[in-house]
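Participant: For reference, the chains in residue letters:
Protein chains: 2
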Amino acid sequence: VSGAARQVVVVGDGGWGTALARLLVGAGLERVALWCHDPDYAEHLDRRRTNPRYLPGFDIPPSIRISADFAALADGADLLVSAVPTSYLRSVWSAHRAALPPGVPIVSLSKGLEADTLLRPSQVLAEVVGDALPVCVLSGPNIAREIAAGLPAASVVGTPDAELARRVQATCSCATFRVYRNPDLAGVELGGVLKNVVALAAGICDGLELGDNAKAALVSRGMVEIARLGEALGGQRATFYGLSGLGDLLVTCMSPSSRNRTFGERVGRGESVEDIAASMAQVAEGARTARPLHEWMHRHGLVLPICEEVYRMLHEGRAPREALHALMTRAHKDEARDLAP
Amino acid sequence: VSGAARQVVVVGDGGWGTALARLLVGAGLERVALWCHDPDYAEHLDRRRTNPRYLPGFDIPPSIRISADFAALADGADLLVSAVPTSYLRSVWSAHRAALPPGVPIVSLSKGLEADTLLRPSQVLAEVVGDALPVCVLSGPNIAREIAAGLPAASVVGTPDAELARRVQATCSCATFRVYRNPDLAGVELGGVLKNVVALAAGICDGLELGDNAKAALVSRGMVEIARLGEALGGQRATFYGLSGLGDLLVTCMSPSSRNRTFGERVGRGESVEDIAASMAQVAEGARTARPLHEWMHRHGLVLPICEEVYRMLHEGRAPREALHALMTRAHKDEARDLAP
Numbered sequence: 001v002s003g004a005a006r007q008v009v010v011v012g013d014g015g016w017g018t019a020l021a022r023l024l025v026g027a028g029l030e031r032v033a034l035w036c037h038d039p040d041y042a043e044h045l046d047r048r049r050t051n052p053r054y055l056p057g058f059d060i061p062p063s064i065r066i067s068a069d070f071a072a073l074a075d076g077a078d079l080l081v082s083a084v085p086t087s088y089l090r091s092v093w094s095a096h097r098a099a100l101p102p103g104v105p106i107v108s109l110s111k112g113l114e115a116d117t118l119l120r121p122s123q124v125l126a127e128v129v130g131d132a133l134p135v136c137v138l139s140g141p142n143i144a145r146e147i148a149a150g151l152p153a154a155s156v157v158g159t160p161d162a163e164l165a166r167r168v169q170a171t172c173s174c175a176t177f178r179v180y181r182n183p184d185l186a187g188v189e190l191g192g193v194l195k196n197v198v199a200l201a202a203g204i205c206d207g208l209e210l211g212d213n214a215k216a217a218l219v220s221r222g223m224v225e226i227a228r229l230g231e232a233l234g235g236q237r238a239t240f241y242g243l244s245g246l247g248d249l250l251v252t253c254m255s256p257s258s259r260n261r262t263f264g265e266r267v268g269r270g271e272s273v274e275d276i277a278a279s280m281a282q283v284a285e286g287a288r289t290a291r292p293l294h295e296w297m298h299r300h301g302l303v304l305p306i307c308e309e310v311y312r313m314l315h316e317g318r319a320p321r322e323a324l325h326a327l328m329t330r331a332h333k334d335e336a337r338d339l340a341p
Numbered sequence: 001v002s003g004a005a006r007q008v009v010v011v012g013d014g015g016w017g018t019a020l021a022r023l024l025v026g027a028g029l030e031r032v033a034l035w036c037h038d039p040d041y042a043e044h045l046d047r048r049r050t051n052p053r054y055l056p057g058f059d060i061p062p063s064i065r066i067s068a069d070f071a072a073l074a075d076g077a078d079l080l081v082s083a084v085p086t087s088y089l090r091s092v093w094s095a096h097r098a099a100l101p102p103g104v105p106i107v108s109l110s111k112g113l114e115a116d117t118l119l120r121p122s123q124v125l126a127e128v129v130g131d132a133l134p135v136c137v138l139s140g141p142n143i144a145r146e147i148a149a150g151l152p153a154a155s156v157v158g159t160p161d162a163e164l165a166r167r168v169q170a171t172c173s174c175a176t177f178r179v180y181r182n183p184d185l186a187g188v189e190l191g192g193v194l195k196n197v198v199a200l201a202a203g204i205c206d207g208l209e210l211g212d213n214a215k216a217a218l219v220s221r222g223m224v225e226i227a228r229l230g231e232a233l234g235g236q237r238a239t240f241y242g243l244s245g246l247g248d249l250l251v252t253c254m255s256p257s258s259r260n261r262t263f264g265e266r267v268g269r270g271e272s273v274e275d276i277a278a279s280m281a282q283v284a285e286g287a288r289t290a291r292p293l294h295e296w297m298h299r300h301g302l303v304l305p306i307c308e309e310v311y312r313m314l315h316e317g318r319a320p321r322e323a324l325h326a327l328m329t330r331a332h333k334d335e336a337r338d339l340a341p
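Heads up: the protein sequence lines correspond to chains W and V, in order.
The opening residue of the first sequence carries number 1 in the numbering used here; numbering runs sequentially from there.
The opening residue of the second sequence carries number 1 in the numbering used here; numbering runs sequentially from there.
Hints are computed from structural coordinates only; laboratory data are not their basis.
This one's a predicted model, so the numbers in the text were calculated from it and none came from an experiment.
There's no promise every hint is true.
[To be verified] Simulated crosslink set (SDA-like; lysine to any residue; CA at most 25 Å straight-line):
id	chain 1	residue 1	chain 2	residue 2
1	V	Lys333	V	His294
2	V	Lys333	W	Arg6
3	W	Lys333	W	Ala278
4	W	Lys333	V	Glu231
[Stated by the list, open to error] Derived DEER-like restraints, expressed as beta-carbon distance ranges:
id	chain 1	residue 1	chain 2	residue 2	range
5	V	Ala232	W	Arg269	41 to 47 Å
6	W	Ala170	V	Ala232	31 to 37 Å
7	V	Pro85	W	Pro305	32 to 38 Å
8	V	Gly57	W	Gly301	44 to 50 Å
9	W	Arg269	V	His315	54 to 60 Å
10	W	Glu295	V	Glu127	20 to 26 Å
11	V	Val283	W	Asp38	42 to 48 Å
12	W	Pro305	V	Ala170	19 to 25 Å
[Said to hold, decoys possible] To be clear about the criterion: a stretch of chain V counts as covered by chain W if any three or more of its residues have a C-beta under 8 Å from a C-beta of chain W, and this derived list gives those stretches:
id	segment
13	141–154
14	242–253
15	290–296
16	329–336
Where is the CB? At the ideal position from N, CA and C, for every residue including glycine.
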């Protein structure tokens with residue numbers, strides 16, 4: 001495809017990184033590489049051509065180069081994909097700073113916020129690689145397993161650099177993966193963060209067995225809060241109603257395997273937050289970000305009733321039924337005011 | 001509640017009308033009446049205090065007056081609720097024009113468009129009752145069975161008359177039913193019409209077993225089309241992202257019993273449109289409105305790829321897999337342009 005990258009390194013062997021590497025091969029790219037942190041696991045991936053830890057059940061095409069040697073893979077690359085979990089983002093890219101090919105753009109797939117700094121992944125990357133490498137983000141309703149299975153999906157590349165956006169579109173698009181562009185990088189990236197608290201609340205609805213009316217209302221009103229907070233944090237309100245905001249929220253609410261939804265469901269069923277957290281290998285992102293979002297909300301003077309109640313349930317022992325009653329009996333509101341652009 | 005109506009007649013004994021009459025009693029209203037077209041069935045409803053035809057499994061409180069005598073019920077009423085199916089709307093209200101208490105507002109619950117005129121229910125009512133009675137609409141993710149079961153739900157009253165809106169909020173609100181107001185009557189009412197085609201498309205996704213990524217993307221991109229067409233038809237773009245648009249679309253997509261979703265699912269599985277239509281007692285609204293929406297779309301010069309493909313599948317024998325391929329391989333787009341207010 002005209003404008004498409006010719007040699008791409010996917011940095012990180014997680015589910016989404018591995019699925020995207022496969023997708024790029026399917027999209028016609030001949031030179032795709034997958035970087036894996038652990039040399040032993042890299043050897044396993046290379047020999048067995050499967051990723052049983054993070055994407056079980058799918059093969060890795062023979063044309064994909066696999067190695068733990070970052071410099072060797074990055075040599076000659078004209079696009080880098082950062083598929084590193086947010087918690088390892090800074091250390092991984094810092095370690096390879098010297099080997100980065102100058103001027104080559106990075107597409108970040110990471111979701112969430114860095115634990116201590118509360119920076120977005122693209123902000124962490126910018127701190128690490130400086131202005132030398134342009135950073136954009138790719139985000140949307142993209143469950144890795146479904147994409148690996150060849151099921152259709154759509155996503156958004158967020159960057160104000162229209163040429164870079166078109167290059168990512170040209171590189172990643174194929175008959176099963178459709179990429180839109182959006183200049184609002186912050187908005188695209190924030191959608192994937194803010195949706196987690198609402199998905200957790202939707203899980204609580206499920207746990208309380210409140211039905212489909214309640215869940216649909218929760219998601220609709222949750223969108224108002226996501227757009228309001230996201231705008232205060234630097235995104236464009238409208239962006240949150242696109243694939244990276246609404247789309248990602250919907251897939252998280254629908255998916256039975258979503259950690260945020262599951263966490264919420266158990267809260268709704270009456271389990272204690274401590275017990276749930278102790279039983280899960282990885283803490284749900286929505287549970288982890290409820291506190292910083294709550295702080296941001298108050299700092300910006302925003303009224304976000306659903307986020308407020310989720311915070312109370314997670315951190316102040318508020319019972320889910322009480323939270324529901326509080327949400328249902330607030331003063332009567334004008335919806336148009338909440339939706340106005 | 002201050003500002004609440006004191007005597008309400010629900011006109012129509014369908015599922016939603018009956019559930020709303022119960023809800024009004026629960027909200028503390030003492031004088032609630034339910035009008036039923038068929039005198040024999042009215043007698044059954046009154047004696048047995050159940051509605052096995054339209055809301056099986058729920059009782060009808062003894063305080064609700066039930067009759068087929070419209071004039072007797074309407075005497076002294078200060079709010080009328082039109083819970084009549086759109087196909088009977090004109091005939092029912094025309095028949096009772098003489099008995100209408102002057103100046104008493106009508107809250108319309110009907111969804112869809114009148115078959116020949118393509119008028120919205122509130123427009124039909126305005127034609128029948130003239131300017132004498134103000135008409136507003138109540139719409140949102142409101143599956144009647146769930147509301148009858150006392151599960152929480154939210155809805156929107158659409159009218160530019162703020163005083164009437166507050167009156168409906170005061171009358172219908174309780175701890176399990178939350179009513180927002182929105183001055184955009186046309187937008188609130190159109191949401192419930194336009195969502196049907198997208199819900200049908202979501203059903204096709206289910207039938208093709210395309211997964212959650214695809215369905216989330218379809219709903220997100222479907223919202224762009226609903227907002228675009230809805231604006232051309234006289235609504236405010238933002239309204240479609242509220243409870244009466246997005247909210248109603250979500251509940252329709254989630255509900256296994258939705259006719260539109262089910263119709264679509266069977267199309268996706270490969271059944272012929274003729275066979276599906278022949279096997280269903282009531283045609284799915286989305287199938288019925290695909291053609292007029294398609295005409296509107298062309299008349300207004302709008303590009304609505306999902307609506308276009310649904311039309312082709314229903315009326316031109318287009319195979320679902322072909323439609324999917326066409327949607328996935330369109331030219332690359334700027335999402336921000338589609339979402340801009």
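Participant: Give a verdict on every hint.
Facilitator: For each hint, the structure was consulted:
| no. | hint | in the structure |
| --- | --- | --- |
| 1 | Lys333/V / His294/V | 22 Å, holds |
| 2 | Lys333/V / Arg6/W | 22 Å, holds |
| 3 | Lys333/W / Ala278/W | 39 Å, violated |
| 4 | Lys333/W / Glu231/V | 23 Å, holds |
| 5 | Ala232/V / Arg269/W: 41 to 47 Å | 45 Å, holds |
| 6 | Ala170/W / Ala232/V: 31 to 37 Å | 32 Å, holds |
| 7 | Pro85/V / Pro305/W: 32 to 38 Å | 35 Å, holds |
| 8 | Gly57/V / Gly301/W: 44 to 50 Å | 47 Å, holds |
| 9 | Arg269/W / His315/V: 54 to 60 Å | 46 Å, violated |
| 10 | Glu295/W / Glu127/V: 20 to 26 Å | 54 Å, violated |
| 11 | Val283/V / Asp38/W: 42 to 48 Å | 58 Å, violated |
| 12 | Pro305/W / Ala170/V: 19 to 25 Å | 20 Å, holds |
| 13 | 141–154 | holds (count 10) |
| 14 | 242–253 | holds (count 7) |
| 15 | 290–296 | violated (count 0) |
| 16 | 329–336 | holds (count 7) |
This entry does not satisfy hints 3, 9, 10, 11, 15, going by the numbered hints stated previously.
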